[in-house]
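Following the hints, put chain H in place on chain P, whose structure we already have.
If you're matching them up, the sequences are chains P and H in order. Read in this note's numbering, the first sequence has 28 at position 28, and its numbers run on one by one without any break. Converting from the second sequence to this note's numbering requires adding 1000 to each position, the first position being numbered 1.
The hints are all genuine.
To give an idea of the interface, some chain H residues facing chain P are shown, with a C-beta separation under 7 Å as derived from the structure: (1) His1015; (2) Asp1024; (3) Arg1036; (4) Ala1052.
Listed next, the stretches of chain H that the computed footprint assigns to chain P, with coverage defined by at least 3 CB atoms under 8 Å from CB atoms of chain P: (5) 1026–1032; (6) 1041–1051.
Read the hints as simulated data drawn from the structure, not as lab findings. A quick note: this is a predicted structure, and the numbers were derived from the prediction, not measured. Glycine included, each C-beta is placed from N, C-alpha and C at the ideal position.
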Amino acid sequence: VASVGLGEAFDPVLTAARTGEAWAFQRLFEWLARPIAGYLRGTGVEDPDGTANEVFLRIFGAIERFEGSEERFRSWAFSIAHNLVIDERRRRSRRPTTAPLEAAPEPTVGGAEDAVLVALGDEHVQRLLAGLAPDQRDVVLLRIVADLSIEDTAAALGKSPGAVKALQHRAIATLRRQGAVSR
Amino acid sequence: MIGHDVDGGEMFEDHPELEAFAADLRQAAASAPAPRVGAALAAVLDGSMAPAPADITVPVGRRRRRRLDTRARLRLVLAGGVAAVVLLITAASGGLPDPAQRNVARFADHLGVDLPDGDGGEGTGHSDEDRPTPPTSTPPTAPPAGRSTTPSTSSNAVVPESVADADAVEDLRDGDDDPSTPGRAEEAPGQDNRPSDVPDRDDEKREELQPERPTSTTVDRGDPDSAVTRRTPTTLTPSSAARRGA
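Excised from the complex, chain P in its bound form (with noise of 0.2 Å):
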């Protein structure tokens, strides 16, 4: 998922992509489709594809006004991707989803959130990822799956640096007690 970063080829696409540029486009699509869509069939949002997609028109409807390095973009690339998750959880929050009763599907791990989760493959990983808090699971989904540091997670996550070490503290230990050990 960790795709490899644009490097030195950053800058010049950029800047390209700021003037209209298709190839810019393409080439930023390319580099951060696949952990953004991993990143968010990991927080379980319903339709993980159709977000990614709405991540990504907002990143190029806005490029113009960005500035910065690729860590920089790749940090606000996800910054979008995690705001449109706390936007489909407030709306779920909101409005509680209805189902006859012969529809409900049978539960799986975790809570109900967690069926999307199915998404990611591994049910050993699903389970594990289920049993954390929603802020813990997205800082593991972006240190891990996003390859974002800490700082860039804090940015990311609109949080402190030291706030998004202490997620990630609770998160291990919630881990460790629910036996995320090597197997």
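Quick look at chain H alone, frame taken from chain P:
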């Protein structure tokens, strides 16, 4: 480099037993398919449509800049506070150049702090109200008008002006020549830059009397031949205020 820390450390550096979980998570995410491209995004990617302007913030750069701004502001506030304290202490000891001393004393007077104004070491003396003690012990505080102006007495009792004057005269007669008296020892050389309209004084006598001029509310209106009567403390009069304003 997966799950690296800010300083390059691994996320599970201290928890190698969790590396398997991290590897599983990476594998699971990597094996997931790339997102399907919708019509709108496809149009942007093939150049057939320009992306619609998105009204979103750019939180990364702005956030970091804001944090730096906060630090810079904190430094500025601290530096300003230190500078203000240093300025106040220097002004309290009368160590500033006279124009600056006058300005600082005038400003401090608005805050209720009485400082020497560089005009012979006297305070501004604009207030008739009780004033708080200045932040340093070097300058004498300005006693309110109508109260005892003798610093040697600890009483703050209100006494008539005539009594206060009499006390001051008595103190002067006692001859408080102690050179260690606060105020005198603090007096910086070359501070006697009186305005030209102030009557000339006998410098030696004036230095003797310097410790006995405790307030900014006193003005010199005495007999120039008598050290006692010349330095009789009194309250600020309209004429002296006008002269000071000039």
